[in-house]
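Which chain is which? The protein sequence lines are A and B, in order.
For the first sequence, the numbering used here assigns the number 1 to the initial residue and increments by one for each residue that follows.
For the second sequence, the numbering used here assigns the number 1 to the initial residue and increments by one for each residue that follows.
A hint or two may mislead.
Said to hold, decoys possible - Some residues of chain B that are not near chain A, with every Cβ distance over 12 Å (derived):
1) Arg39
2) Pro111
3) Ser155
4) Ala170
What the hints assert, rightly or not - Per the computed footprint, the stretches of chain A lying under chain B, defined by three or more beta-carbons under 8 Å from a beta-carbon of chain B, are:
5) 52-65
6) 214-228
7) 293-303
Think of the hints as simulated: they come from the structure by calculation, not from any bench.
Predicted, not measured: the structure shown is a model, and the values here were computed from it.
We put the CB at the ideal spot given by N, CA and C, even for glycine.
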Amino acid sequence: MNDPMPAESGSGLPLYVQPVPPDSGRPERSSRPLVRQFVVAPENWARLAGDAARASWRWSGIWAEDRSPVLELSLLLERAGQYSWVRTRIPLDALRLPSQTSAYPAADRMERRIHDLFGLVFSDHPDPRRWIRHQGWSGEDFPLRRMYPTAGRPERSTPPDADYPFVLAQGSGVCEIPVGPIHAGIIEPGHFRFQVVGETILRLEERLGYAHKGIEKIAEGRDPQGLVRLAGRVSGDSTVSHAWAACQAMEQAAGLPVPGRAQVLRALFAERERIANHLGDIGAICGDVGFAFGQSQFGRLREVFLRLNDELFGHRLLMDVITPGGVRCDLPADGASRLLEERARLRHELATLRPALADNTSLQDRWCGTGILPGEVARTLGVLGYVARASGVDHDLRRDAPYVPYDLLEIRVPVADAGDVAARVRIRQDEIDISLGLMADLLDILPDGPCQSAWLAPQPGAEGLGFVESWRGELWAYVRFGTDGLIARYHPRDPSVLNWSALEHLITGAIVPDFPVCNKSVNGSYAGHDL
Amino acid sequence: MFRQLTRICRVGIVSEPTPCGRGPALDLLGPRLEDAVSRIFHGSLAIRQVDAGSCNGCELEIQALSNPYYAIERYGIHFVASPRHADLLLVTGPVSRHMQTALRLAYEAMPEPKRVLAVGHCGADGGEFGVSYASCGAVHRVIPVDGVIRGCPPSPAVLVQGILELIDPALLQVPAPDPDSDPPASREGL
Chain A
1 MNDPMPAESG SGLPLYVQPV PPDSGRPERS SRPLVRQFVV APENWARLAG
51 DAARASWRWS GIWAEDRSPV LELSLLLERA GQYSWVRTRI PLDALRLPSQ
101 TSAYPAADRM ERRIHDLFGL VFSDHPDPRR WIRHQGWSGE DFPLRRMYPT
151 AGRPERSTPP DADYPFVLAQ GSGVCEIPVG PIHAGIIEPG HFRFQVVGET
201 ILRLEERLGY AHKGIEKIAE GRDPQGLVRL AGRVSGDSTV SHAWAACQAM
251 EQAAGLPVPG RAQVLRALFA ERERIANHLG DIGAICGDVG FAFGQSQFGR
301 LREVFLRLND ELFGHRLLMD VITPGGVRCD LPADGASRLL EERARLRHEL
351 ATLRPALADN TSLQDRWCGT GILPGEVART LGVLGYVARA SGVDHDLRRD
401 APYVPYDLLE IRVPVADAGD VAARVRIRQD EIDISLGLMA DLLDILPDGP
451 CQSAWLAPQP GAEGLGFVES WRGELWAYVR FGTDGLIARY HPRDPSVLNW
501 SALEHLITGA IVPDFPVCNK SVNGSYAGHD L
Chain B
1 MFRQLTRICR VGIVSEPTPC GRGPALDLLG PRLEDAVSRI FHGSLAIRQV
51 DAGSCNGCEL EIQALSNPYY AIERYGIHFV ASPRHADLLL VTGPVSRHMQ
101 TALRLAYEAM PEPKRVLAVG HCGADGGEFG VSYASCGAVH RVIPVDGVIR
151 GCPPSPAVLV QGILELIDPA LLQVPAPDPD SDPPASREGL
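The whole structure should be built from the sequences, with the hints applied where relevant.
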């Protein structure tokens, strides 16, 4: 955001989008994705989407903030590793804006979410149903508006969301299977409405929002420590990534340099988070097709991996190890040698397990050709991470828009074309291998020195955007400070927000018994989506 | 198939007979838990887990109870798909407003006698999320709770300890067996 302003013709956006001069007071201290800021008039909001989509910009997300007397809406677009951050302002007493959904289907649910939380009406939205709001607050209340109290106006008992207008299917032999919000396994809450003929799924409609617990609202007024604790609990399986993104955003706002050693350790934690989640998920994907051997073996490897996290860094899932200004724990004296020892052992184990999975014909029979997400659909939906890479979308922030310390490393990005469950498993196996390599590279470049800088009070109104390639894909967080050094606005964008819609597409035509394995191969976070 | 058999033989049984990492020692807790399940639940304790709005950290650790290290089924404990089959409800929270009714219905669907354990700091007292327009906070604010397992998230060994503490608190108080007396039942054969 502090980058030198390019010539208008070079921005890649149409001329009616006005560039914002960079804040020249603060020199760029560290490498981070290039973000250029723009403003656009509200009447050009939809036109911008059409023009940007034609110019191959990827829609990455929108967020809003009540800046009475206006609502400020921010849009993040990405192309070739460069971001454009476009803002517009709408008066709070006339909250209407044209929708971007027809140009970018990825905008669909995010716009509906902003309507439910802020009251902004997207005038020509193709699906004006509510999304994040169930019965926890009324349709006239907008919880993220400043005047809405954090405590809300709750009923003693919140009724179930029984009258949500699901799309109906009719016809001979068509029936519906409602599933959730409480699922059969040990997983998060959400509702799936299947329309089936026999075993074949005609259509799946997701209904999320059950885990919505007001994270953005309760972030307001927190201090930096409090925010990073909350960020670490946006989605427990991505605790490192969310904490890192929130810290990057706060540090950028405060102009706080982070010691090199802390930067490298943060990346080490992020790679460990990636490996642990992939190990657990591959085991679960085996379990979902009844392959107990794979489930046990990968579950065992994950457990051993988490125990080393606990021994070296004090937490199995690495919660609260990242803190504003650095990291909370240093690598113990024998840490590097133990990590390398573990790496060698894990590589050896995976080298024998991988062919055991690949050569098992009954297993591959369930995975190959199951839950295909065509590359074109993945691009249209703006899908991220391994789900995108398994469908031929060659994108990884660590390589394409490197942030510290990945700017010092060479990142290999695995890509496959098949787009099925087998491809997603293969990509995840490759990513484990690559991350194990990166762990050694990171230990090589780990500099000596302190692990933390003292917090620096930010200027009133200072803001920042933090980017992380989490194990699920591109993840970012927006933070703005108020006049008191406390958080005025926090918006975390989990990759699940974009990946959930992929599941509805890839499951069409599959059979009901394949749903668990398809769902697990995508593994969206309900908590990260619902906030 | 040959690869699988080789791997299975090489790895052997990793289910914990010895203390593991930090936290309570499974070798002491396990046999006591099995004993309690056997006496109080005729050898079978059915648990229904409900995520009422957690960050999914607790779910990761509850899932880990089924991995080969903890292998909680060997103590007679299994996770069931319906609250109608459950003796114990294991609830992670905070309870979001949007899950309030679903949680209450799951509780009401359980046959008597039934017990409820709130898991994690959030389930115990609302944790980092507390009470807000979207969150009811602690589980006990929505359904009656018999015990809590704190932690963020509680590790699998702490979960085992918490379950034991609920079903037979007296057993947890038993001092560690004297090295000279009979050793606790060996789990090695499974």
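Here's how the hints hold up against the structure:
{"no.": "1", "hint": "Arg39", "result": "holds (26 Å)"}
{"no.": "2", "hint": "Pro111", "result": "holds (17 Å)"}
{"no.": "3", "hint": "Ser155", "result": "violated (6 Å)"}
{"no.": "4", "hint": "Ala170", "result": "holds (29 Å)"}
{"no.": "5", "hint": "52-65", "result": "violated (count 0)"}
{"no.": "6", "hint": "214-228", "result": "holds (count 4)"}
{"no.": "7", "hint": "293-303", "result": "holds (count 7)"}
Checked against the numbered hints listed earlier, the structure breaks hints 3, 5; every other hint is satisfied.
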